[in-house]
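Engineer: Sequence:
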Amino acid sequence: MDHPISDDPKSPLLPLHHHDHDHNPIQRAQSFLSGLKSILTLKTLSVLLGPLLCTIICLSVKLDGPVASRNMLAVLVWVFAWWLTEAVPMPITSMSPLFLFPLFGIASADDVAHSYMDDVIALVLGSFILALAVEHYNIHRRLALNITMLFCGDPLNPPLLLLGICATTAFVSMWMHNVAAAVIMMPVATGILQRFPVGPDQSVAVSKFCRAVVLGVIYSTAIGGMSTLTGTGVNLILVGMWKSYFPEAEPISFSTWFFFGFPLALLMFLALWVILCCLYCSRNSSQALSGYLDKAHLKRELEMLGPMVFAEKMVLAVFSMLIVLWMTRSITDDIPGWGALFKGRAGDGTVSVMMATLLFIIPNKKQKGEKLMDWNKCKKLPWNIILLLGAGFAIADGVRTSGLADILSKALDFLEAVPYFAITPAVCLISSTITEFTSNNSTTTLVVPLLIQIAKIMHVNPLLLMVPGAIGAQFSFLLPTGTPSNVVGFTTGHIEIQDMIKTGLPLKIAGIAVLSLLMPTLGAYVFGTNEQVQ
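Just so we're aligned: 379 in my numbering is position 379 of the sequence shown, and the numbers increase by one with no gaps anywhere.
Please note that a few of the clues may not be correct.
Below, in silico cross-link-like pairs of lysine-lysine (DSSO-like), each with a Cα-Cα straight-line distance of 27 Å or less [to be verified]:
1. Lys313 / Lys365
2. Lys243 / Lys456
3. Lys366 / Lys379
4. Lys380 / Lys368
5. Lys380 / Lys366
What follows is a list of derived Cβ distance ranges for each label pair [unchecked claim]:
6. Ala513 / Gly240: 24 to 32 Å
7. Ala113 / Lys243: 30 to 38 Å
8. Pro336 / Pro200: 54 to 62 Å
9. Val198 / Lys295: 20 to 28 Å
10. Thr328 / Ser108: 34 to 42 Å
11. Val67 / Trp383: 27 to 35 Å
12. Ile501 / Thr521: 25 to 33 Å
13. Pro363 / Val198: 29 to 37 Å
For the record, the hints were derived by calculation from the structure and aren't laboratory data.
By construction, the Cβ of each residue, glycine as well, lies at the ideal position given by its N, Cα and C atoms.
With the sequences and hints as input, model every part of the structure.
Structural biologist: Here's what the structure looks like:
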């Protein structure tokens, strides 16, 4: 036998060498250091940052409230540290409340899990199935080509095209839920951006324009929603609270709000457009983009799509029906929508999923037995968005139930000493800061009742504080988790958190400035804030 060792089952698989230099302490130290370097990378340190900050807060911070409130603050810092550094993939970080909340005594496992599937998430799920149908039948491409043809200019004018996309989005958002508007308009926007090269071939000008378009869509949905009562849930919460706290006072009607909300939204929209043009539309961008957006070429492409077929018409009909149902579910307190027939049990998510279900029932008339949609086409559903939304709702609930919300609200007592002219910017700044960490609706529910109490102490009209508080709650412009429509834009892959902060911060400042200008002038005329309310 040539190799007796290899037949021995107990012999090592690798040959053993005994050399003296392996025991050299310098070499061992070097190998230890290189091993340590490979472990202590920036990514590893980012992963450790979350638990480290959480531990520091748990050990050193003392809040005037239950222990759960301090734990909630610690968990909040941990989750946001991971989100901002992207140390762990964003969808996985989004699931961390599922184990952090029960372990830190903030909420039970069942309670946290409920946050990951509620009516808004049902709304998003249904909307995304509809958006996939729109994409599958190239309807978004048809709409994108029409918008581009209308606004691109000859020669190409990037700021004008950006204005067209943002204005269309803002208009759509005026009449429906912000998330739904973002879900409808994002495929249209990305349909325009698909014409540009991707990866290393993409020039800086093209990359910047892509970012401007996606940022324009997510911020235009927020701004458009401010202008009408039905545009966002926050406005309806404000009107509901005004009626329940002051039943004798004049209720805020759809038209009353529009007279104030529309000029506010218009000024903010212009500010957004100017900010995006300054940051992302350079002087040479027209030359860089014109090669991909030639008007004659666009016209040929539109003709190549041919007339609309039955399947496209049916998807559009289902979508249009959904928009009408969203708009008419609850109009105002005086004009109840169809939701009153179901005693308020049906939500926006109800109709969203119901309409999405129709797509799996209606035939597409292309092949026998084939429906408009099948489950295989839904494999692209963005579950990362669902998880991110769930995390946002779980955090909002945790902040409220742990007592952290009460501690934050007590910190607002200093507003009583604020001079009259500084009330609006102060309230708006506080509200717009809180809303980055909790949902817009949660911020409004938390801040507005407190502002009513402060207004009574100050002997001023409560609307002087309530309106800036509610509108400030819609200024969640800095983080993807601030509002679901931010998440929709974030998952396109065109933008990063830095882009949102770079654009969102000046937009937030502009919003506070516009509101501070309009509230004592137009607000006094529309809402009668100069008069006392009993």
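Engineer: Determine for every hint whether it applies to the structure shown.
Structural biologist: Status of each hint after checking the structure:
1. Lys313 / Lys365: holds, 11 Å
2. Lys243 / Lys456: Distance ~16 Å between Lys243 and Lys456 Cα, so the pair holds.
3. Lys366 / Lys379: holds, 21 Å
4. Lys380 / Lys368: holds, 25 Å
5. Lys380 / Lys366: Holds, at about 22 Å.
6. Ala513 / Gly240: 24 to 32 Å: Between Ala513 and Gly240, where Cβ atoms are some 28 Å apart, the hint holds.
7. Ala113 / Lys243: 30 to 38 Å: At 34 Å between Cβs, range holds.
8. Pro336 / Pro200: 54 to 62 Å: Since the Cβ atoms of Pro336 and Pro200 sit about 56 Å apart, the hinted range of 54 to 62 Å holds.
9. Val198 / Lys295: 20 to 28 Å: At 23 Å between Cβs, range holds.
10. Thr328 / Ser108: 34 to 42 Å: About 38 Å separates the Cβ atoms of Thr328 and Ser108, which means 34 to 42 Å holds.
11. Val67 / Trp383: 27 to 35 Å: Roughly 34 Å apart at Cβ, these two residues keep to the hinted range, so it holds.
12. Ile501 / Thr521: 25 to 33 Å: holds, 31 Å
13. Pro363 / Val198: 29 to 37 Å: holds, 36 Å
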